[in-house]
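Enquirer: Protein chains in written order, with our numbering: chain H, 1 to 333; chain P, 1001 to 1333; chain S, 2001 to 2333; chain L, 3001 to 3333; chain B, 4001 to 4333; chain A, 5001 to 5333.
Taking lysine-lysine and the DSBU-like style, the derived pairs with C-alpha atoms no more than 35 Å apart in a straight line are:
no.: 1; chain 1: A; residue 1: LYS5143; chain 2: B; residue 2: LYS4174
no.: 2; chain 1: A; residue 1: LYS5138; chain 2: A; residue 2: LYS5174
no.: 3; chain 1: P; residue 1: LYS1281; chain 2: H; residue 2: LYS239
no.: 4; chain 1: L; residue 1: LYS3281; chain 2: S; residue 2: LYS2290
no.: 5; chain 1: P; residue 1: LYS1230; chain 2: S; residue 2: LYS2145
Just so you know, the hints here were simulated from the structure itself, not pulled from any lab data.
Just so it is clear, the structure is predicted and the values come from calculations on it, not from any experiment.
Residues per chain, in single letters:
6 protein chains.
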Amino acid sequence: MKTYINEIKENDHVDSLFLVREKTLGSTKSGNAYLKLILVDRSGEMEGRIWTSADLLSGVFEKDDFVQVKGKAASFQDHLQLNITHIDRVEEEGILLSDFFPMTEKDIDAMFLTLMETGQQIKDPYLNQLLRLFWEDKPFVEKFKMAPASTRLHHAYIGGLLEHTLSVTQLIMKNVAHYSGLNLDLLITASILHDLGKVDELSYHRSFDYSDEGRLLGHIILGMERLENKIRELSDFPKDLALQLKHLLISHHGQYQWGSPRKPMTLEAIMLHFLDNLDAKMNGIHQFLKTQVSEGSRFSRYHPFFEQSFYLPPQKSETEPFNIIEEKEIEKE
Amino acid sequence: MKTYINEIKENDHVDSLFLVREKTLGSTKSGNAYLKLILVDRSGEMEGRIWTSADLLSGVFEKDDFVQVKGKAASFQDHLQLNITHIDRVEEEGILLSDFFPMTEKDIDAMFLTLMETGQQIKDPYLNQLLRLFWEDKPFVEKFKMAPASTRLHHAYIGGLLEHTLSVTQLIMKNVAHYSGLNLDLLITASILHDLGKVDELSYHRSFDYSDEGRLLGHIILGMERLENKIRELSDFPKDLALQLKHLLISHHGQYQWGSPRKPMTLEAIMLHFLDNLDAKMNGIHQFLKTQVSEGSRFSRYHPFFEQSFYLPPQKSETEPFNIIEEKEIEKE
Amino acid sequence: MKTYINEIKENDHVDSLFLVREKTLGSTKSGNAYLKLILVDRSGEMEGRIWTSADLLSGVFEKDDFVQVKGKAASFQDHLQLNITHIDRVEEEGILLSDFFPMTEKDIDAMFLTLMETGQQIKDPYLNQLLRLFWEDKPFVEKFKMAPASTRLHHAYIGGLLEHTLSVTQLIMKNVAHYSGLNLDLLITASILHDLGKVDELSYHRSFDYSDEGRLLGHIILGMERLENKIRELSDFPKDLALQLKHLLISHHGQYQWGSPRKPMTLEAIMLHFLDNLDAKMNGIHQFLKTQVSEGSRFSRYHPFFEQSFYLPPQKSETEPFNIIEEKEIEKE
Amino acid sequence: MKTYINEIKENDHVDSLFLVREKTLGSTKSGNAYLKLILVDRSGEMEGRIWTSADLLSGVFEKDDFVQVKGKAASFQDHLQLNITHIDRVEEEGILLSDFFPMTEKDIDAMFLTLMETGQQIKDPYLNQLLRLFWEDKPFVEKFKMAPASTRLHHAYIGGLLEHTLSVTQLIMKNVAHYSGLNLDLLITASILHDLGKVDELSYHRSFDYSDEGRLLGHIILGMERLENKIRELSDFPKDLALQLKHLLISHHGQYQWGSPRKPMTLEAIMLHFLDNLDAKMNGIHQFLKTQVSEGSRFSRYHPFFEQSFYLPPQKSETEPFNIIEEKEIEKE
Amino acid sequence: MKTYINEIKENDHVDSLFLVREKTLGSTKSGNAYLKLILVDRSGEMEGRIWTSADLLSGVFEKDDFVQVKGKAASFQDHLQLNITHIDRVEEEGILLSDFFPMTEKDIDAMFLTLMETGQQIKDPYLNQLLRLFWEDKPFVEKFKMAPASTRLHHAYIGGLLEHTLSVTQLIMKNVAHYSGLNLDLLITASILHDLGKVDELSYHRSFDYSDEGRLLGHIILGMERLENKIRELSDFPKDLALQLKHLLISHHGQYQWGSPRKPMTLEAIMLHFLDNLDAKMNGIHQFLKTQVSEGSRFSRYHPFFEQSFYLPPQKSETEPFNIIEEKEIEKE
Amino acid sequence: MKTYINEIKENDHVDSLFLVREKTLGSTKSGNAYLKLILVDRSGEMEGRIWTSADLLSGVFEKDDFVQVKGKAASFQDHLQLNITHIDRVEEEGILLSDFFPMTEKDIDAMFLTLMETGQQIKDPYLNQLLRLFWEDKPFVEKFKMAPASTRLHHAYIGGLLEHTLSVTQLIMKNVAHYSGLNLDLLITASILHDLGKVDELSYHRSFDYSDEGRLLGHIILGMERLENKIRELSDFPKDLALQLKHLLISHHGQYQWGSPRKPMTLEAIMLHFLDNLDAKMNGIHQFLKTQVSEGSRFSRYHPFFEQSFYLPPQKSETEPFNIIEEKEIEKE
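Next comes chain H alone, as it looks inside the complex (with noise of 0.2 Å):
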């Protein structure tokens, strides 16, 4: 079973899976190889030290490994230490990901099967077999229930993508009615695909990171990619289809200085805008007010992105759901 790092306490006997962040080598004052760890979970970090057969055992694993771990922890200069008797290389497939990283406190395979069954509404022909090429895609479909949606601002857990894709397509489904005129087929197909970039910008096998082609090209024309290579498979696609769903794809970050190359220029690209941003905000600031309000206080500490604090309020009523009175009574006749 596995023990987390914050629950571990002075002189406790340990003997749990952990993944080695640094790995250094060094000699006591006797002269002595010892080896220096940094040993991480999804709870925190804290330093291992392997005093004896050092040499030996810096060949059984690397940095980045997961390892299995025997030792006891020893108070150090103000901090704890594990003094390692035992360590061992784990396969990654025996890992519990949830016991590394945070995760989504929903069912993935569930999100998944919904997100799937509400593409499979579109009319649109083109749009409905877009979707399909994509659920067809094994890689992909990995990685997209899998990848975090960021690597803090907003849904930063494993299947956070997910989530985030699937809660701006139900925003999509529940607000498109309240305006005539939209194209709903496109934009939900739109609101499924709009990062799809970032199952490739996006590194979260170790830790939440960018890779290299996420710093350089970014999610935005990562997805493009995608887009393109999907589209050009269904040889008949309309061209004016393609473009506006391009053209919801790049401009979804809504201005140029948040990375998108074109600014929305037609109604549904507003509001897919707008969707997604409200539902990134509002994800983020209710994850960061979870850890940063200190007890006794209302207000978080200030949130260096947002540039102010927030505010938790003191109560909330339960309130049972409103009637929606229905619109159609309200047009003229």
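Chain H is fixed; fit chains P, S, L, B and A onto it per the hints.
Expert: Showing chains P, S, L, B and A alone in chain H's frame:
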């Protein structure tokens, strides 16, 4: 029956109601007095001339009066002019406002009823009572039902403020359940009241413009004053609830540069800001596209406020509404 | 007599008043309970430890209490620590605030009297009466005399709000005659009231910070509420005068990005904005230069808010005041 | 006697001085040469035509000459035109500049004397001498007394630079004693010299415009050159004093984006920047309000530079000056 | 032979080719149909009227057709009008584009050859082959040789894209050796391809404008698509090389606000951005100065995009080229 | 021989030259005086202690002196400390600057010679003479050869100003012929002089910092003063030439916000600005990449000034220089 200015052709005999935008007394080369008028209705404006008894008739009406006019349209230097033979002042009560100003296409009373009924579902007794106080304030309600939501940018027509308010309120109701833990009573109250200061900020009886207090204080401050006044009538209104409600009102523009003295600091304030902004943009651009796309083109003219053009896609598919897959099954057990 | 924290040396026996910023119950390796305190006064902060009867003494006082402490200073890991033998809670009334917070160097009562007498010279009966209402509001006056003008940037000390208010008012009096046609009564009233919302925005009884309503609404809105309340008590206060006064209050920050929901639109509002800003900058930079210029240098450290350094010239000549040549002779005959 | 262009009516016989802004030789359908002129004075501009002896008269004067003109005003296509029968070039010496350009309403010589006498009170021998050098520079003084302070924004009239300079200097004198420790000699010298480069930056003999060196270098650089030249004449001028004075000059615009290569870094530089800016704004908006508020309204037209409208309050109370309560009594004993 | 519109004078008999910008059918007061045309060529535009057989001739040509026109120029209300007697539609093939649009002053085929030969020097086999694929794409090459580089700002003439591309490529070659360690093959390829999306972004067969896909996607995205398509044809194109090349393409605008979804992150990308920008500015301002400096002045009119005027110095010295001293001797031994 | 600080290990006996950055007299618990020093050289800094005869030795040297030190390195609380037994002040003349500061890798005298010879090719007699005046100014030349070009951003090493100046001058020569009509003499002179004010702006004898006049005036103003002084020595220097040269100097930062009081208004000024900026960026990022890319990564750390990371591509192909195809053949006949 009203004859609209944009329908008048050379040699037409006209007998209809107009609003006098300008009135100047001139004299011909031969020394005779004449009156030069600018007449307007919702379809446009035209010049009118009174060549006989100008001095006498000048006393009959003033600039900004509604007048019943008889005359004949003549062409003069490339544009039409109305040579007026009879003119009479008409009291405002008899006027159909929609002849002179753009109006909402929806039924004002039906919209108002819907909004009131929505408010009555609020469980919180203070917020419920607060809204009732507003609805019992007859002069306020009258203005609230007639005011436009802006002079040009969105819902710039009689009834626009009410239409926008109802629309934002319905958007709130559709989206609030998507996120857990939000204070729905507070959000609905805030969405109903968020723009209430516009009844004082805008003047719309002769043209859509800003009032003096609108320019000097703006609708956020003016709305705060009205809100304060009503809250004071409810002697035991909870201080914290008032604080949150006021915060939603003053932060709903979202950014300092858009005139909000505070940025949204709660999840409720963020949602209100986003959905208010979405509704204003969707309506504003929709209205703009109706008039600013020239034939044969799919692009609008440059919009000076948004600093871009907009695109009107060639055709929209008519799709039936989607089934929203229930989210509950997604929660992990 | 007060012993200041920055004067305490190793082995000193201390018997003095402090404020408890933090209080934590811990246990030694041998399992005994002890109390770890952070004690503060205006000169700094230090750690305190209670090794005996910790459980018992823990009930005697709380975080944010003032306490009388006896103990001996010992060096521990490079910094001083107070080993406390006696501790007692002290009521706030007996406290000299200037022992714990920075204070204005001027006489608070003399400043307040000067400000009141200045206001009494106002000829306009409504404005004169309005100010009198504020001075008769005892709870307001008490806060107004104690509040700082900001948490850090300028006049960040007890009495700072009053000092800044008087200073701006005197600047207005010195400059207003320089330009003809300005409404002096209005300007003096506005300068006295421009920052009144700060009595609610800031909290300063334990440290200088923002109150909840200060963060959520800000002093411009809070000041508007207090102003509105007083104006309402004066039944026939002229609407236009109220409008102008409110405009001066809400526009005195001068720019949207500095939190003003309106930019100054009258000559009076422009003058108030400039002289308020001048006074804040002059005081803020003067205070900053007192502490931020290191010996041997004429340049301050980088000021993060102003994003620059400041320069302290080597010496100033002591010149007698100049005679201001009368301007009247300059007017053309 | 001067006949002003805005007073000329149809059929008037005109015999007056004008400035020739444009001069074009044309030919009628029948092939006869005629001259088409644009004549201006401070009240406006009008077209003039010379129908006879056009070739001959064309040699008598050039564009940008002052001319004495005789002719009769006739109406042509909705506007007036002067049919000229006699025209003669007039030397500039005989011209009253105020007939052709807006002028300060104050007495230029009295203002200059006041400024000089103010400077003579400076105790610092180097600064005192420096100013004397400027006043002994006759060509400089002549320009300094005539130049406007800008082409449009503020003090945009003959004598405006002097009026603005004196005004800022008097503001400095009124405000400097309010803060202790400021170098008054330095501040007065800097306020007198802060805009001196404008004598080279602006041209104003035919219209208010920028000179070539004004456009390419600007008045801050041009002023630095003149200041450098005078300082060099004073062989032992203290280096540190020169450094501070130059800093005040180059930083007086306050911000990089307003063309200052440095932001104000001393309390003196901050005060000069604020009071200079205040004086420019107060004058500029006062001048703007005189011409830009249409009858019946209290709001000016939109000011493109300030990106806002301004408000002219209905009436101002005439109040007597206030007694400024002495500050000394406020200092704590 | 072509008669240019700006050469036509009253009473001229005209027989020449024009482009029909607008075509409207009207009817005279007497009820006869007539056609009102706007005719354009590269020298300007003029009105044309067809008074006889208007109905019949209206079927012969459409708006945006090229037509051979016979008629006589007459003066009507201050401007010239062409009364047309014969009109015939002309096929586009026979048209000399330079009669209707501004054209590069250089030889298009020679420029293209130079560019191709430059590319052939590339040693990297993948990049070399990639360029060859583009040159073998006949429809692309045809557009690439004709397209302007922008609608107005720089190289806004037929052949402008090619001229700008060659110019940037030559700048790269001249500057790349100045810095060590740069990947020249990559830089040359990127400079040749950096604006390739403009062949799809701009339309220039009737006037210089944006295509629909140009507005909705922009040339950076359109260029990425063309680049992706060609890279895909080269099966073993190295992934890292493709990544770098794409990064150079999408970052060449240098800033988010200029439409780049990424800022330049390599030394190569920085150099390409700077030299591309330099070339665009030098050409754009040079073209602007040719038309925007009025006689007798050395300053251009205000340039709305750059928000400034430009200066044309009085005369340039003709100097012979300098010898560039070899840098090698500078390296330390 | 110099022992570098970053090479010293525990128990080493050290006998070497260092610079004293800080010097503090302390006393041990037993009451004995000791000296605590911070010693630096170009490789880093370390603490030194003098335990015996501290009072006496304290008079031997001061902060900012160079000293010859003997002692032994000991480990104290995790870092090394030098226990000093002998210390002597050393005169600056004997010091090898490159032991203490980063230095250009090029030969300073060779660079200077190249720059001078380049200037001698200038045909314009005034510009040629102007440069000669600068080279004859020995104190200037000495500073010009040693000064860094900035404290941190680019060419931040001894000789950096000269290296950057030569580099920009060579870039100008390589690019100027690419555009016709540019004034090469003017451009070369301006590129040689564009940063000359940095000899006064920066101080670099003890560390790289700004001088007082550097902070208060900046190198653009300081450069203008030096330029003015030299131009004044050349009695008949053409006014227009001086104007253009000064414009190039003051506008070379390109934007107000980068401290230029004017934006570039001529083609020459635009070219100088771009190539100066290019050279600063290329050098600055190249230097940054040398130290800021950690092993195993291709991305640099975040660069706070540029607000981004940079990318170091995996390997560069070594390509031979390209043949630049002659442009002449491209001109149309």
